[in-house]
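Dock chain B against chain A, hints included.
One letter stands for each residue in the lines below.
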Amino acid sequence: MRVKCSALLFLILGMLPFSLGAVELKYKFRTGSTYEYDYTLTESSKVTAFTVNSTRSPSKTSRKFTLRAIDFQEGAYIIDVVSSEGTYRRYIRSNGALSGAPGETGRSVPFLLTFPEGDWKVSERHQVQQVLTIGATSVPVVWNLLLKSINSEKQSAEILFTLTIKLPEDRMRRKEFNLKGRAIFDFGEGVLQQAEWISGYSFVLANREMAVARDLWQFEHQNTGVLTLGTSED
Amino acid sequence: MERINSRLPVVHAGILTALIVLLLLPMIEVSAQNARPFDITSRFKLWLLNNEARAMSSLRSDEVLIERVTSPFAFMPFGANSVPKAEEQIWAIHHKIYVLIDEIQEIYSVAKHYGSGRFGILFKQHRPEIWSIMPLQTAMPGLVSVIAVDYRKAFHEVLLKSLRLDAKRDLDLSGRLQRAAKKLSDEEYRLFDYYLSSFSALFPSDPTARIISAFLESGSKKQFAVGLKDFLQPTFTAPVFSDVTIGAAPTEPEDPLAALDKLAEMSEEPEKATSEPLEPTGEEGDQPVKPVAPTTLEPPPPGTDDLFKIWD
Numbered sequence: 000m001r002v003k004c005s006a007l008l009f010l011i012l013g014m015l016p017f018s019l020g021a022v023e024l025k026y027k028f029r030t031g032s033t034y035e036y037d038y039t040l041t042e043s044s045k046v047t048a049f050t051v052n053s054t055r056s057p058s059k060t061s062r063k064f065t066l067r068a069i070d071f072q073e074g075a076y077i078i079d080v081v082s083s084e085g086t087y088r089r090y091i092r093s094n095g096a097l098s099g100a101p102g103e104t105g106r107s108v109p110f111l112l113t114f115p116e117g118d119w120k121v122s123e124r125h126q127v128q129q130v131l132t133i134g135a136t137s138v139p140v141v142w143n144l145l146l147k148s149i150n151s152e153k154q155s156a157e158i159l160f161t162l163t164i165k166l167p168e169d170r171m172r173r174k175e176f177n178l179k180g181r182a183i184f185d186f187g188e189g190v191l192q193q194a195e196w197i198s199g200y201s202f203v204l205a206n207r208e209m210a211v212a213r214d215l216w217q218f219e220h221q222n223t224g225v226l227t228l229g230t231s232e233d
Numbered sequence: 000m001e002r003i004n005s006r007l008p009v010v011h012a013g014i015l016t017a018l019i020v021l022l023l024l025p026m027i028e029v030s031a032q033n034a035r036p037f038d039i040t041s042r043f044k045l046w047l048l049n050n051e052a053r054a055m056s057s058l059r060s061d062e063v064l065i066e067r068v069t070s071p072f073a074f075m076p077f078g079a080n081s082v083p084k085a086e087e088q089i090w091a092i093h094h095k096i097y098v099l100i101d102e103i104q105e106i107y108s109v110a111k112h113y114g115s116g117r118f119g120i121l122f123k124q125h126r127p128e129i130w131s132i133m134p135l136q137t138a139m140p141g142l143v144s145v146i147a148v149d150y151r152k153a154f155h156e157v158l159l160k161s162l163r164l165d166a167k168r169d170l171d172l173s174g175r176l177q178r179a180a181k182k183l184s185d186e187e188y189r190l191f192d193y194y195l196s197s198f199s200a201l202f203p204s205d206p207t208a209r210i211i212s213a214f215l216e217s218g219s220k221k222q223f224a225v226g227l228k229d230f231l232q233p234t235f236t237a238p239v240f241s242d243v244t245i246g247a248a249p250t251e252p253e254d255p256l257a258a259l260d261k262l263a264e265m266s267e268e269p270e271k272a273t274s275e276p277l278e279p280t281g282e283e284g285d286q287p288v289k290p291v292a293p294t295t296l297e298p299p300p301p302g303t304d305d306l307f308k309i310w311d
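Protein chains in written order, with numbering that gives the first Met the number 0: chain A, 0 to 233; chain B, 0 to 311.
Mixed in with the good hints, there may be bad ones.
[To be verified] Straight-line distance between alpha carbons at most 20 angstroms, and here's what the computed SDA-like set of lysine to any residue pairs gives:
1) Lys179/A / Thr163/A
2) Lys165/A / Leu58/B
3) Lys44/B / Asp214/A
4) Lys59/A / Ala85/B
5) Lys59/A / Pro76/B
6) Lys165/A / Arg53/B
7) Lys45/A / Glu87/B
8) Lys25/A / Met75/B
9) Lys165/A / Ser57/B
10) Lys174/A / Arg53/B
11) Lys179/A / Val63/B
12) Lys95/B / Ser53/A
13) Lys44/B / Arg207/A
14) Lys63/A / Ser81/B
15) Lys44/B / Met171/A
16) Lys179/A / Glu66/B
17) Lys45/A / His93/B
18) Lys45/A / Ser81/B
19) Lys44/B / Arg213/A
20) Lys45/A / Glu66/B
21) Lys165/A / Ser60/B
22) Lys59/A / Glu66/B
23) Lys174/A / Arg59/B
24) Lys45/A / Asn50/B
25) Lys59/A / Val82/B
26) Lys181/B / Val51/A
27) Lys45/A / Arg163/B
28) Lys95/B / Phe49/A
29) Lys95/B / Trp216/A
30) Lys45/A / Ser57/B
31) Lys179/A / Gly78/B
32) Lys179/A / Glu62/B
These are computed hints drawn from the structure, not numbers from a lab.
Bound conformation, chain A alone (with noise of 0.2 angstroms):
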């Protein structure tokens, strides 16, 4: 009877998080497994300078890129991303965050998603800032992110995020840039399985001079990009 009781009382426990719209995400790659990743970028822009467009219709490219899940050693897990440009180590943290990458010193690290500590719960925000240098130039960035809603039965959260950056602008360049997406994050398994996101960059160059402002050209750039989890084995 006891027995039953506690049993009883430890699955109550462990449903709590789901009931009260709260679970934690982290990434749990398995030791030995590989994932195998599709990820499709289309991209497309417009340029309009006077009366005259020049248009790129849009351009798919689709790649595959395969993650093997080597180790966990210091709170990171060793993962090589192998793509027909080549093999990548990374020590990705639970939350998403990277510790490092030996295989791209040199490289600028892209300002990653992340994920809260702890549970988070269905409708909570969640902020991550930085400020990225290029050059002489600071910007401050931040990734705004949304669990919209949890999946008890299939295990998978639905997260929104959003990107606020201010690029340089001056009386000559007008800018604006803005990316939201949307992604579902396996936390069963501890892996993402699909993310779609769409940014859109608009740039104005004018020439002001006394009380006379003419805009030259205005250069649009939309990119789409999707990942989808395709197979993943032990």
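Just chain B, lined up with the frame of chain A:
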């Protein structure tokens, strides 16, 4: 012997041209250091080039920045597989515009330098072929009439080459201008026109863009620099030494640069307003002296030695 004789004119003409070029070189270098003579396009071209450079610089620095936020996950390959962007097409149109601008500048310079016919007259007057065959006058006078024309033809050919002129291409400058403008499609031409009008709106005191527009407009419609015809396609006749007098030199065609003079008048007002004049006139004083094209070349005053009357 015949072969050597046939090559002689070319060799002599080459030597003579090289000497002239050597003499003119210091002047060319000085003018190149300051500014191109008859420059009507540089400021507009630099404006467009600078704007392009600004745009390219911003696009690249933004791209570097954006590349760092568009790979959101630590386990994916970094760095975008970028495809050519739409701006490539605009840069390609600009390249065509630069080619047109350079062609306009070249045509304008040729017309201003040689279009009056004065330069051609100067060379005719100095009769370089006679200088070359002078030694033969006493030794083998019979040969003079035979090879003088060839000398002159060869000299003329080398001279045109050294001046970067082409008789076929430059005979009809209006046609050359039309052909250059036609390399741009209607849409590309509209864009070029928009840039010209933008430049004029932004820098109202700078006449550059207005001059380019007016030159294209008027130069494509009617012939100009007709004085070039005599210079590019002269009549080669055997010299009669007794007739060599300055008075017999060919006369300059009447009003050969009317179209360009009209153009200069058009730009006179805005030119005054600019701190940097388009064409340095070299004139001083309150009353600028309007250059008058001579109708004939004056013979030397009586009593003075005529340098070229050496065979009388």
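So, going through the hints one by one against the coordinates:
A C-alpha spacing of about 9 angstroms is found between Lys179/A and Thr163/A, which places the hinted pair at or below 20 angstroms, so the restraint holds. For the given pair, Lys165/A sits about 15 angstroms from Leu58/B by alpha-carbon distance, which is consistent with the 20 angstroms threshold. Distance check on the hinted pair: Lys44/B and Asp214/A sit about 18 angstroms apart at the alpha-carbon level, within 20 angstroms; holds. Restraint check: the Cα-Cα separation between Lys59/A and Ala85/B comes to about 15 angstroms, which is no more than 20 angstroms; the hinted pair holds.
For the hint pairing Lys59/A with Pro76/B, the CA-to-CA distance comes to about 17 angstroms; that is within 20 angstroms, so the pair holds. About 19 angstroms separates the Cα atoms of Lys165/A and Arg53/B, which keeps this hinted pair within 20 angstroms; it holds. Taking the CA atoms of Lys45/A and Glu87/B, the gap is about 10 angstroms. The hint holds against a cut of 20 angstroms. With a C-alpha separation of about 17 angstroms, the suggested pair Lys25/A and Met75/B falls inside the 20 angstroms cut-off, and the hint holds.
For the hint pairing Lys165/A with Ser57/B, the CA-to-CA distance comes to about 14 angstroms; that is within 20 angstroms, so the pair holds. For the given pair, Lys174/A sits about 14 angstroms from Arg53/B by alpha-carbon distance, which is consistent with the 20 angstroms threshold. Restraint check for Lys179/A and Val63/B: satisfied, since their Cα atoms lie roughly 19 angstroms apart, inside the 20 angstroms limit. Using a Cα cut-off of 20 angstroms, the hinted pair Lys95/B and Ser53/A holds, with the two alpha carbons roughly 15 angstroms apart.
Taking the CA atoms of Lys44/B and Arg207/A, the gap is about 18 angstroms. The hint holds against a cut of 20 angstroms. Taking the CA atoms of Lys63/A and Ser81/B, the gap is about 16 angstroms. The hint holds against a cut of 20 angstroms. Between Lys44/B and Met171/A, the direct Cα distance comes to roughly 19 angstroms. Compliance with the 20 angstroms bound is thereby established for this hinted pair. A threshold of 20 angstroms between alpha carbons decides the hint, and for Lys179/A with Glu66/B the separation of about 15 angstroms falls inside it, so the pair holds.
Proposed proximity of Lys45/A and His93/B is supported: the alpha carbons are some 16 angstroms apart, at most 20 angstroms. A distance of roughly 15 angstroms separates the Cα atoms of Lys45/A and Ser81/B; the hinted pair therefore holds under the 20 angstroms criterion. Proposed proximity of Lys44/B and Arg213/A is supported: the alpha carbons are some 17 angstroms apart, at most 20 angstroms. With a C-alpha separation of about 19 angstroms, the suggested pairing of Lys45/A with Glu66/B holds against the 20 angstroms cut-off.
For the hint pairing Lys165/A with Ser60/B, the CA-to-CA distance comes to about 13 angstroms; that is within 20 angstroms, so the pair holds. Of the supplied pair hints, the one linking Lys59/A and Glu66/B holds, its CA atoms being roughly 17 angstroms apart against a limit of 20 angstroms. For the given pair, Lys174/A sits about 13 angstroms from Arg59/B by alpha-carbon distance, which is consistent with the 20 angstroms threshold. Annotation: proposed proximity of Lys45/A to Asn50/B holds, straight-line Cα distance about 18 angstroms (limit 20 angstroms).
Distance hint between Lys59/A and Val82/B is fulfilled; the C-alpha atoms sit about 9 angstroms from each other, no more than 20 angstroms. Simply put, Lys181/B and Val51/A have alpha-carbon atoms about 18 angstroms apart, close enough for the 20 angstroms limit, and the pair holds. At roughly 41 angstroms between alpha-carbon atoms, Lys45/A and Arg163/B are farther apart than 20 angstroms, so this suggested pair is violated. Proximity of Lys95/B to Phe49/A is assessed by CA-CA distance (about 17 angstroms); at most 20 angstroms being required, the pair is judged to hold.
Using a Cα cut-off of 20 angstroms, the hinted pair Lys95/B and Trp216/A holds, with the two alpha carbons roughly 17 angstroms apart. In summary, the hint linking Lys45/A to Ser57/B is supported, as the alpha carbons are separated by about 16 angstroms, within the 20 angstroms threshold. Of the pairs offered as hints, the one joining Lys179/A and Gly78/B holds, with about 19 angstroms between alpha carbons and a cut-off of 20 angstroms not exceeded. As the CA atoms of Lys179/A and Glu62/B are separated by approximately 17 angstroms, the hinted pair is consistent with the 20 angstroms bound.
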